[in-house]
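Protein chains in written order, with the numbering used here: chain A, 1 to 256; chain B, 1001 to 1222.
Hint data in this document are derived by calculation from the structure and do not stem from the laboratory.
Among these hints, one or two may not hold up.
Said to hold, decoys possible - Examples of chain B residues toward chain A, derived with CB under 10 Å:
hint, residue
1, Gly1034
2, Ser1035
3, Gly1036
4, Pro1037
5, Met1041
6, Asp1114
7, Ala1121
8, Ala1122
9, Gly1125
10, Pro1128
11, Ile1135
12, Thr1206
What the hints assert, rightly or not - Across the chosen pairs, the derived CB separations fall in these ranges:
hint, chain 1, residue 1, chain 2, residue 2, range
13, A, Gly144, B, Asp1114, 35 to 45 Å
14, B, Ala1047, A, Ala139, 32 to 42 Å
15, B, Phe1087, A, Asp140, 43 to 53 Å
16, A, Arg158, B, Ala1033, 19 to 29 Å
17, A, Asn123, B, Val1018, 21 to 31 Å
18, B, Ala1209, A, Asn23, 22 to 32 Å
19, B, Lys1141, A, Asn21, 35 to 45 Å
20, A, Ala82, B, Arg1077, 42 to 52 Å
The beta carbon of each residue, even a glycine, is placed where N, CA and C say it ideally should be.
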Amino acid sequence: MPEPLSPHLSVQLRHRIGALNINVDFQLTQPWTILFGPSGSGKTTILRAIAGLIRPDYARIVCPAGRLTDRGRSFTLVDTDAGVFLPSHKRLIPLAPQQPSLFPHMTVRENLAYGAGRSADANLLSTFHIAQLVDKRPADLSGGEAQRATLARAIAARDCRLLLLDEPFTGLDLNLRDELIANLLAWQELHRTPILSVTHDIAEAFQLNAEVIKLSEGRIVAQGSAAQVLAEERSRLLAQLTQPAETPASPAPARA
Amino acid sequence: MDTQALGLTLRLALSTTVLLLLLALPLARWIAAGSGPLRAMAQAVVALPLVLPPTVLGFYLLVALGPLTAPGRLIIRLLGHPLAFSFSGLLVGSVLYSLPFAVQPLVSGFRAIDPALLEAAATLGASPLRAFGTITLPLAKPSILTAAVLTFTHTVGEFGVVLMLGGNIPGATRTLSIALYDQVQDFDYTAANRTAATLLAFSLLTLVAIYWRRSERRSLLA
Chain A
1 MPEPLSPHLS
11 VQLRHRIGAL
21 NINVDFQLTQ
31 PWTILFGPSG
41 SGKTTILRAI
51 AGLIRPDYAR
61 IVCPAGRLTD
71 RGRSFTLVDT
81 DAGVFLPSHK
91 RLIPLAPQQP
101 SLFPHMTVRE
111 NLAYGAGRSA
121 DANLLSTFHI
131 AQLVDKRPAD
141 LSGGEAQRAT
151 LARAIAARDC
161 RLLLLDEPFT
171 GLDLNLRDEL
181 IANLLAWQEL
191 HRTPILSVTH
201 DIAEAFQLNA
211 EVIKLSEGRI
221 VAQGSAAQVL
231 AEERSRLLAQ
241 LTQPAETPAS
251 PAPARA
Chain B
1001 MDTQALGLTL
1011 RLALSTTVLL
1021 LLLALPLARW
1031 IAAGSGPLRA
1041 MAQAVVALPL
1051 VLPPTVLGFY
1061 LLVALGPLTA
1071 PGRLIIRLLG
1081 HPLAFSFSGL
1091 LVGSVLYSLP
1101 FAVQPLVSGF
1111 RAIDPALLEA
1121 AATLGASPLR
1131 AFGTITLPLA
1141 KPSILTAAVL
1151 TFTHTVGEFG
1161 VVLMLGGNIP
1171 GATRTLSIAL
1181 YDQVQDFDYT
1191 AANRTAATLL
1201 AFSLLTLVAI
1211 YWRRSERRSL
1221 LA
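Take these sequences, add in the hints, and give me the full structure.
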């Protein structure tokens, strides 16, 4: 685990959505942070609040003065008490949603250029295996291809402050996922853009060796390295693998 | 065939279409963007010309644009003549009368656009205006075309509002539908037949074009 760093994003959020009460307070300090939890634990809503796509009941989300801010001043995204709400397009925080959301009337190339303001570089295209798709329309892509292009479009965005990825690797085959993770880590090494991603896949969390924030029912139950936070989950899964005859432990109640 | 009336009709229909689209695009965008009593009210007002006799609309416009009201007197002072019984008055009446035919296709077109696309555009740094221009408008193109064609044809076919508001001034307010009325009043059935046939053929052809385009699109999507 890298040494502690000064935080690049500080999030306090209370928001009620349906029957779920989200109440979280956390800071992002590592290059890559994962929100881990079962579906319905509020992961996506937290991402959407940071991206500015919902108006939270209460929130104070700030980029403290540092590398992500101009001229060493802190930068407030939302502060409901002070009546501050920076609209999404001024936040410079691209969000790659779980459902591919490519613009259907544009080619893949035009989609990638939308937030970048210029053509995507060849490196990015090969990273996501979409170089041969650039002249196609979204309707002609498979689900996996559209997912990769949506990811690439978010990453290509200009002046990105923080990248939000909602289940970026779900549904991709394992070889491709491993390769994408390696490529993304290399990309991050180069660009130094922090990433906050969402997953419920324990293997992914270990593979990224990221800081993990574990959520349950809209609350943070643990924050730390994957090894610390997910040790219990891992041993439970391993126990299931090594003792296949035993019936699996009853899963946590999933919310739709 | 009254070519002056034909020219006037086309000029009125074209001006109405351009003016109305400029008005209806932002209005429809606002209506489609949410819900609430204010938007319901706006939609009801927009839909009124569908259910009101055109003469009612014509009557109120005649009064409102005439010397009896403050806005009417202001217009008279600015233009030097009242809006009623002039081409500009006719234009105002036509725009209001065709409002639902432009706004309703646009509202349903805008509402059919997946909000996730506009959210994606926003997180990629596109201002609402840029997202409207680059995502909403291109995706709503078929609805915009429908709105334009319906407005144009509906204006060509309007009668009651023109009669109330415009009277029957050759070259200024005498449209084809008014000319037809006159021809029948004069028992000139040959001329009336030509005028009526022109209007019928025009309307039928436009509607065929719209429905044909729609079915083409549907078979392309399937």
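Point to revise | Non-conforming hints, listed in increasing numerical order | key: Violated hints: 1, 2, 3, 4, 5, 12, 13, 17 and 18; rest satisfied.
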